[in-house]
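The hints should help you fit chains B, C and D with the ligands onto chain A, whose structure is shown.
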Amino acid sequence: MSKKKTKSLFQEYHPLDYQQFRIMDDLGKIVNQDWFPDLTDAKIIEAYKFMHYARTVDLMAVSYQRQGRMFTYPPNLGQEAIGTAAGFVMRPEDWLIPAFRELSAWLLKGATLNDIFLYWGGSEEGSKFSGAKNFLPSSVPIASQLIHAVGIGYAMQYNKQKGVAFAFVGDGGTSQGDFHEALNLAGVWNTPVVFIIQNNQFAISVPVAKQTASKSLAVKSVAYGITGIQVDGNDYLAMHRAITEAAEHARTSNGPVLIEAVTFRSGAHTTSDDPSLYRTTEEEDKWKLKDPILRLGKYLIEKNLWQEGQDEELVKKYKKEIDAAFFEYEKSPAYEINDVFQHLYHDTPVDLKQQQASMERFLNWERTQS
Amino acid sequence: MSKKKTKSLFQEYHPLDYQQFRIMDDLGKIVNQDWFPDLTDAKIIEAYKFMHYARTVDLMAVSYQRQGRMFTYPPNLGQEAIGTAAGFVMRPEDWLIPAFRELSAWLLKGATLNDIFLYWGGSEEGSKFSGAKNFLPSSVPIASQLIHAVGIGYAMQYNKQKGVAFAFVGDGGTSQGDFHEALNLAGVWNTPVVFIIQNNQFAISVPVAKQTASKSLAVKSVAYGITGIQVDGNDYLAMHRAITEAAEHARTSNGPVLIEAVTFRSGAHTTSDDPSLYRTTEEEDKWKLKDPILRLGKYLIEKNLWQEGQDEELVKKYKKEIDAAFFEYEKSPAYEINDVFQHLYHDTPVDLKQQQASMERFLNWERTQS
Amino acid sequence: MKVMNMVQAINDALKLKLKDDPNVLTFGEDVGVEGGVFRVTQGLQKEFGERRVFDTPLAESGIVGAAVGMCVAGLRPIVEIQFSGFVYPAFNQIVSHVSRMRNRTRGKYNIPMVIRMPYGGNIRALEHHSESMEALFGHVPGLKVVIPSTPYDAKGLLISAIESNDPVIYMEPKRIYRAIKQEVPEEKFSIPIGKGKILQEGNDVTVVTYGAMVREVQRALPAAKKDGIGVELIDLRSIYPIDKDIIRESVRKTGRLLVVTEDHATYGVGAELMAIANEEAFLNLEAPPTRLSGFDVIPPLPKGEHLYFQRPERIYYELQKIARY
Amino acid sequence: MKVMNMVQAINDALKLKLKDDPNVLTFGEDVGVEGGVFRVTQGLQKEFGERRVFDTPLAESGIVGAAVGMCVAGLRPIVEIQFSGFVYPAFNQIVSHVSRMRNRTRGKYNIPMVIRMPYGGNIRALEHHSESMEALFGHVPGLKVVIPSTPYDAKGLLISAIESNDPVIYMEPKRIYRAIKQEVPEEKFSIPIGKGKILQEGNDVTVVTYGAMVREVQRALPAAKKDGIGVELIDLRSIYPIDKDIIRESVRKTGRLLVVTEDHATYGVGAELMAIANEEAFLNLEAPPTRLSGFDVIPPLPKGEHLYFQRPERIYYELQKIARY
Ligand SMILES: Cc1ncc(C[n+]2csc(CCOP(=O)(O)OP(=O)(O)O)c2C)c(N)n1
Ligand SMILES: Cc1ncc(C[n+]2csc(CCOP(=O)(O)OP(=O)(O)O)c2C)c(N)n1
Ligand SMILES: [Mg+2]
Ligand SMILES: [Mg+2]
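Protein chains in written order, with our numbering: chain A, 7 to 376; chain B, 7 to 376; chain C, 81 to 405; chain D, 81 to 405.
For reference, chain A alone in the conformation it holds in the complex:
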């Protein structure tokens, strides 16, 4: 339990002090009891299990891709704490505006495994999230989604709703003009947006030192007169606390918050990337020791809330579930000609109907040919 503070978290870890906010050290030892999040042991265990779950989905997605049963996929390995924390903090009335590497948050926001497999398996159906509200699909053009979050924030205020928009972006994304326009607009309109930069050290092959000369990414908040903080993104407890405070800040009309979550992409950029071209195994090994699941596990074991052997069992159970879901997914109905033409417009132009008809005529002809 945290003590009552005189300074807010954002004052104490002001980005101009260039101090990273963390609760645990790399070995899972609590080094900052003062800011320990308001979480029961049960909640922490739930988060720990969920990180395992998300990681298992992620690893299996990579393997399905390797087996040729899915297409390009961006591994989340090593970054699970961030999305998991966001997912647990988010309320139903909040919005999730993803980049594409926060699987854990997607799952917690209500994406089903079927949605996930559909999307990365190459179908737009996977971006519908029929069972989940207030949830935008993946935004491929880097950083463009951040502006949507500002508009959503504006709309919530306009409609006197108390929701918060959670928007994700990578370190590379901070170089885009849209990053700037989004944070600037959010600042001047004072919209309830929590921007989360997953600084995983690389944009494909380009290290963050080649993205910007600024001393941190969190400090960019100063340029917009908004609140900012740098957090150890592999420290689940710190992430949970920071996002909780940020959401509260935004929800109570104090304006947007920029969180830089410092982490590492332990896998490849996507399944078609080869990290050995641009980084060393030493660097990778160094970060392996900071793995978010490893660290929270050490904390739990130390506190006698978890046993060494439990992980394997858990993962085995998850694997089964996921495999079952994947088999289900593989039975999805085939893509149909209607799917090509019928979703672009609310009122489909005649022209498109004619194009569809011409394609159908051809397909019919083709059928008669063989």
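Since the hints were derived computationally from the structure, they do not count as laboratory data.
Check the hints yourself; a few may be wrong.
From the structure, some residues in chain D lie toward chain C, with a derived Cβ separation under 8 Å [claimed, not checked]:
#1 R180
#2 H344
#3 G350
#4 A351
All C-beta atoms in this analysis are idealised placements derived from N, C-alpha and C, irrespective of residue type, glycine included.
Just chains B, C and D with the ligands, lined up with the frame of chain A:
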């Protein structure tokens, strides 16, 4: 003469201290002798006269426009100190990358009155600046030019030249994505660029408080890890000193500098704008007292370097010169069909030649009609 | 009925829809306090307040992108781009999100957004203030693109655009913002998107045009009439979807097509309409479908405008050539 | 001669020009250390150093805008946009500056820039990785736009593009990056921009295409031949300037035109080529010029690709229809 300093100007006026750099107060009294620029009295008088000259050109341009002899024109009234200081600091090997409201800098970089009248009179010939090197024309799409400055800076370093690129933008321009990308690139590439924001309080009708929530525009430099400073833009002496230091900083490979020059657009946005729609005469009157020419004049008179009556005489002389140049300009040759077609490509496609020929056929036919 | 120019008619449509629907809001650079550089939004902030009608920072990507977010959250934003020449910073948002969000989410989220922008030239303006780049938008799947040529159409089309659940690029021919006055009903009415209009019937040559060029063609008609050329004049009104029916029927009748546009010829609107004439009425063609479009060069600054923009004389010149073919 | 695929041929042209001219440099996202996500720039940083071949921040407007500055300062930058779907953040720089700086300054500053980008679909990719939006660039005055269809052409056209004093959009059909291997001279040679190529002569139907569609058309030819249809196959190679001569001569001979493109039909390349056939060869037309283009919808994700992208079967189907007209 300035004393030898232990701290640099940029350290002493760090944007995070939110302290505006100035040398004179509003009455022309020196309040900051320490940072007085390294300028002889003669140089200061020259600058004073030049500001009068630039203002006279500007006012006459407005009146030519009113007489229907020129098209839309953006008055510089009240902002002359900034471009004049930049113009006097710039060396021939330096580049000028303008926005569109720094007439004084254009003139000092070598634009002739004929160039000026041609451009605002509606001819591309006015963007050629045949007599001036290292000089880009006005960039109408706001802030887009800042990135060119970075490329020019890169090229100068690439070619081992010691030049500096001076790039201008308005307060409104700081909201554009290109502002961000330019400053970020300049920072990470460490290119010799001096970015000068003319913060004249408005972007057409929109006050700077609606552009950004940041506490100053200078502080945005922090987001890019580059040097920044806020300067009283109506204080010629401060502007000269700040730009000199910035140029030196950039020239010696210490990286880009962002200068926020705080000023006021005393005239309309352009000759088709009506400021009474969005600002009060009180606000205008308040700023009239801070007029850069008035202030430097008071300083000079106080120091007995100038007499009250001299201004009128000077302006009268300038008016005559300018009117003569305008008459010359009005004799410019007419726009020809070649001017429409022959400059777009270095190697003009056949197609364009055919389009030109078709237009010529029509014009010939038309001549036969009446 | 009230007599209105196009600026007033657009203002009237905005006012009407702001009254009608609390989810409608409008914003852009100088749109609020000043009422827009062309005064199209004059008086709206006063009437509807700062939450619904407001000034934005100078950031087109931000303006359009924020509107995308508002749409998915249930609002119906109308944004103004100050001049069409400044829409390019927002091009990524338009091409990557405005036009695609619905398809991407299989209809879960509509984008009922209107992007208004003055366009077109011959108004003695600075660079980037004279372009007619409607074909760029017409080529992007997922958008609808309309261009009115009269105050009446401006109001009716804008109301349709605002009520459309699909995103609409609404381009305003600024050259005739105040040039044409006309009786326009004060109540709500709408003109369907995707339907052209026959402005004059004729049997000899079909002329298809839109926006400010309608008036220029009309100015060429007396000379054509004197020559006995029966012109069927069609105002296309929608750049996408295209009213192929109206083109087909007319060209089948006349056998001759002249497209008059301000946009650049190559890969422009003229080419598409010529292609449609081929696809829909080939056997009726008595002369090659023809375009009188802008040249493939940057529109000149004011001193060169007369050598670039369409004039009635040139339209007549092309008309008689095709009539005589 | 060395056998190369298109990736190798482009790499070879880059290497050659980097050697040739100290003013040439190349950069973009992942271009340096990694050698590009498609490995097109592999090995170049090692050979020419970090000042000349380098990685940039993730900022397309910055990349293209910086290149504009370099051009006016005398360099000849070649920039890579990682996928054509990500060029839109740079659209303002391209439309407002790359294409215009020369005209604006009456020739004082040239923009000898090449913007390389992989484009086109049917490669089982994510959203925004499958588009063919060449018509957008073709419509912007001041640009040249080329698309190679073989390793040989890729090298020759790229060398021309780099040596051109005008800006060139160089679009790479990524679908055939590694699909075709061919002998390509190791020395410098160039292919003029604005000239198409007849790949097969024939008297019955002219088929114009380019990029990855060339191979698809070639796959349809055996069936057409079996039917006795003499196809004249033209690889357009330049989207702008367009080789009107080659189209005119061929259509005058065959009287029939089929344009096969991957881009969206409406306001696309097909429309323009049909318009040209009308303007240049109307009296020879024996059938309506026709286009087989992409539909006006967002290219589907992988599971729907077979219902969207051109296949030889469909090309043959259209070919025989037009041949029989
Ligand atoms: C506008 C744009 N440019 C380029 C790309 C290609 N691309 C996809 S991911 C990526 C790197 C993203 O890096 P970062 O923002 O750090 O996110 P990460 O992949 O590390 O999670 C790039 C360049 C893109 N998707 N969008
Ligand atoms: C990208 C873009 N959007 C809009 C405009 C229209 N416009 C011209 S000047 C201006 C305001 C500029 O304000 P600021 O940057 O403060 O410069 P100032 O005019 O005050 O010198 C606007 C919106 C433009 N030229 N470019
Ligand atoms: Mg990253
Ligand atoms: Mg301003």
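Hint-by-hint comparison with the structure:
1. A distance limit of 8 Å between C-beta atoms decides the matter here; for R180 (chain D) the minimum to chain C is near 6 Å, and the interface restraint holds.
2. Taken as an interface hint, H344 (chain D) checks out: its beta carbon lies about 6 Å from the nearest beta carbon of chain C, inside 8 Å.
3. Taken as an interface hint, G350 (chain D) checks out: its beta carbon lies about 7 Å from the nearest beta carbon of chain C, inside 8 Å.
4. The criterion of a C-beta within 8 Å of any C-beta in chain C is met by A351 (chain D), whose closest approach is roughly 4 Å, and the hint holds.
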